[in-house]
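S.K.: Protein chains in written order, with this note's numbering: chain A, 6 to 439; chain B, 803 to 1063.
Quick caveat, the hints were computed from the structure, so don't treat them as lab data.
Misleading hints may appear alongside valid ones.
A partial selection of chain B residues facing chain A, derived with a Cβ cut-off under 10 Å [said to hold, decoys possible]:
id, residue
1, G859
2, L863
3, S883
4, G909
5, L913
Here a beta-carbon is modelled for each residue, glycine too, at the ideal position from N, C-alpha and C.
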Amino acid sequence: MDALTHFLSLSDANVRYVVIGCVLLGISSGLMGVYTLLRKRALLGDAIAHAVLPGICLAFMLSGVRNTWVLFAGAIITGSLSVYLVDLISRRSRLKPDAAIALVLSVFFGAGVLLLTMIQSSGNAAQSGLDKFLFGKAAAMLPEDLWLFGAVLLGVMVVLFFGYKEFKLLAFDKGYAQSQGLPVKALEMALSTLTVLTVATGIQAVGVVLMSALLIAPAAASRYWTHRLSGMLILSAVMASIGAYIGAFISYTKPGMPTGPWIVVVLSVLTGISMLVAPNQGLLARYWQRRKHRDKILQENILKAFYHLGERNGSQALAFDIKLLKQQREMPEIRLKSGLRSLVKEGSLLDTQFGYQLTRTGLEAATRVVRLHRMWELYLSRHLNIAPDHVHEDAEGIEHLITPELERELELLLDRPGSDPHDSQIPYTKKDRN
Amino acid sequence: MIQHVDNPIIEVHDLTVSYDKKPVLWNVDFTIPGGALVGIIGPNGAGKSTLIKAIMGLLPLSSGYAHLFGEKLDNVRKRISYVPQRESVDWDFPASVMDIALMGRYGQRGLFKRITAEDRSIARQALEQVHMLEFANRQIGQLSGGQQQRVFLARALAQQADLYFMDEPFAGVDAATEGAIIELLKELKAQGKTILVVHHDLQSAAEYFDWILLLNTRLVASGPTAETLTPTLLQETYGGKLSLLAQVGEIASSKGVNIRE
Chain A
6 MDALTHFLSL SDANVRYVVI GCVLLGISSG LMGVYTLLRK RALLGDAIAH
56 AVLPGICLAF MLSGVRNTWV LFAGAIITGS LSVYLVDLIS RRSRLKPDAA
106 IALVLSVFFG AGVLLLTMIQ SSGNAAQSGL DKFLFGKAAA MLPEDLWLFG
156 AVLLGVMVVL FFGYKEFKLL AFDKGYAQSQ GLPVKALEMA LSTLTVLTVA
206 TGIQAVGVVL MSALLIAPAA ASRYWTHRLS GMLILSAVMA SIGAYIGAFI
256 SYTKPGMPTG PWIVVVLSVL TGISMLVAPN QGLLARYWQR RKHRDKILQE
306 NILKAFYHLG ERNGSQALAF DIKLLKQQRE MPEIRLKSGL RSLVKEGSLL
356 DTQFGYQLTR TGLEAATRVV RLHRMWELYL SRHLNIAPDH VHEDAEGIEH
406 LITPELEREL ELLLDRPGSD PHDSQIPYTK KDRN
Chain B
803 MIQHVDNPII EVHDLTVSYD KKPVLWNVDF TIPGGALVGI IGPNGAGKST
853 LIKAIMGLLP LSSGYAHLFG EKLDNVRKRI SYVPQRESVD WDFPASVMDI
903 ALMGRYGQRG LFKRITAEDR SIARQALEQV HMLEFANRQI GQLSGGQQQR
953 VFLARALAQQ ADLYFMDEPF AGVDAATEGA IIELLKELKA QGKTILVVHH
1003 DLQSAAEYFD WILLLNTRLV ASGPTAETLT PTLLQETYGG KLSLLAQVGE
1053 IASSKGVNIR E
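So here's chain B without its partners, still in its complex pose:
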């Protein structure tokens, strides 16, 4: 069940991504309507993070392309924003909460340009939105996991983008942070922004998102939540057996053959 839309914000066409010759995403093809709050759902190792990284150009593509706002990535970089997984960085880095929020302005400000007072006020606003302004001078290593997640969100907000990619923002956070994130997602949506969230809790998925991508190395479904979170499609996504696809992938990797050549 893959539902396509007209005038999509994101158009992903036949995307295949491999790590070390082993395909982790096969022929993924979908479109996302503007203003949607999208949940990317699937089991561990399904390629959820890989998908958003590939769309943002952080990974080489074996084949296919992704167009954002109907354009190539490089033309619209300033309109997209990324919240990586919290564990992907070393929080012992010598920086304050404010420093991290300001990083959201680096791309907008441009290479080798100094940060301005305007950037500072935008970063402060972003911290305020996630209730972290009172910690602005705190060293990031002293934050709790939930607070770290909120700082990452503030950094993304400071970019003032139109399209957000969030990698597991709900993973291992406290109730206060979860509430803050949900509030934020609703607010962004109300402003007409589009948000893609990698998520692995099925229970809350139906409640949070209005569009769902079901993923397990291939795209199982893409469409409105009510039509995608069905027992049949979930069974297809989470079905335990190693698919033929995965087995071929293993062979390609062991023989060192690039399947897209």
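For reference, chain A alone in the conformation it holds in the complex:
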């Protein structure tokens, strides 16, 4: 707990650097990640991340010093080269883009690991710490790194702000953007360059192996919460910096621990929560919607059973008990009872001493379901030439899905029919006739 308060108070200068650094590069990654995700370039982001490793190693071997700016320059060169190569290979060879990405990623990363091993066995005293680029080490950040991270973030924000509408159109519909005369090539180049810069700084915290998680996970999670691009950008930046911040804290308490995996764990939790509880699109919301639909089907089927019983007995004003209902339509008794209860509660059924009885609203609803069922059967046999004895099963499912608009269209198409393919009457309520 002491460690936490000490960390949060930012009283220690080293902690300050690390936290500010992580948040800066988190924001850059969160912003660029949104465009990477929307342009379906997630795998390319991964390739860039792996491709910066040989650049860092070469820069170190040639200069002999572990200077942030020199290593950064090396990272940019090989990172950009990888983007160029992926594009070239997928345009000029028979390889598809996914294969081109896999090829570039593995070759560059392999070269990077090879160079790293050579450096480590060379005995150069300055080499210590280069292996931190594999899985990231936030605690190794230096004050001068912050200037670099800040400069990259500033560049990202300025370009994305002024080109907001251009990048939005490019990400949504490139062909249309081009038809309007937008400089599509230049815009794409700008996005790739910014992504390379972001990746080249981000690896300080997460490392090359896990960098794509910092790029993609916040963007993917933010999509669950908003339908607006601007909202997605803000949320993604916030989530990425939270992930980076917590990673930095863990790096602070456990000096030997790489930060990348922890940042990824935090981001995975955020993404998982988003997938689960987000409104409308989350798994829980979807489960809830499915359940509601299932209950609706059950209720409509019960109402239909009442209608059929009434039809057979010559009056819709009769009451029927559970036994009769079960004979009319087979369903588990628990489900039947719970369905009856909710129908009584919403005023579609009356619970009388002789059994259950349709109310006026209940009769209207029951009539509608039967009507939809029989109209759909007629539609199938009349317009799609399906044999009358094959249409019932289909109508059983469709009758619960038809919206009032589709119902009107169906009625118009069939010219307000009188009976279905089995010569059962198609019922209309008084309200329908007006």
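Fit chain B to the known structure of chain A by using the hints.
M.R.: Frame of chain A, contents of chain B only:
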């Protein structure tokens, strides 16, 4: 049967387009009169979409050129408008119906300029024209296929262009959308605009269009509807046999030879 006109809005001269060295359009050469409602008709893989993309400069040309309004494309970009195929984009993109309609203003407004109140009112008008204004704030992923198509039309309308290229606007739409599109085409035509529509339903083609291009990797016919939609020309367009042309194309592609070098 290729009928040329004087003072054409579109002049396509000896256009050849290849994908991966394989020519998909050969020596296409035609002119279109102003104010025409043109149907581009042909079987699958005939190069219908390729033709309009090539005219708009979205694809590299192997040879030939296309002049619009008697000028080079770059001088008249603001006067042309494009409705891509609905399936060509991901509708899960985080944007509202209004956002998409506003995209029609981006080119007119210019690079890095902010959208103005005037742009918004133009976009609203365009949405109104396709009966989508009530959905202006709806997320595009929640639209039906027909509604998505109408949003694309609204975006093109918001450009206030003089020449429209539409790629299969009638594909997989509901009756309401089909009606809205036809109404719109007539209205645009009445305003003297020229419209090219990629279409593959022969039955409705005679009814919708007053000028027809019959295409099957080469141009079979270009002319007024009554003179082009004849059994002989249709047979020539849709005739099933692989033509000599297509076979040579295959060879060029497999040998990696550029036929225009």
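S.K.: Now tell me, hint by hint, if it's right for this structure.
M.R.: Structure-based check of each hint:
Because the beta carbon of G859/B sits about 8 Å from the nearest beta carbon in chain A, less than 10 Å, this interface hint is met. Nearest Cβ of chain A to the Cβ of L863/B: about 14 Å, over the 10 Å cut. The hint is violated. Given hint, S883/B at the interface with chain A, holds; its Cβ is 8 Å from that chain's nearest Cβ, closer than 10 Å. With a cut of 10 Å, the hint placing G909/B at the interface with chain A holds, because the nearest CB-to-CB distance is about 3 Å.
A distance limit of 10 Å between C-beta atoms decides the matter here; for L913/B the minimum to chain A is near 7 Å, and the interface restraint holds.
The structure shown violates just one earlier hint, number 2.
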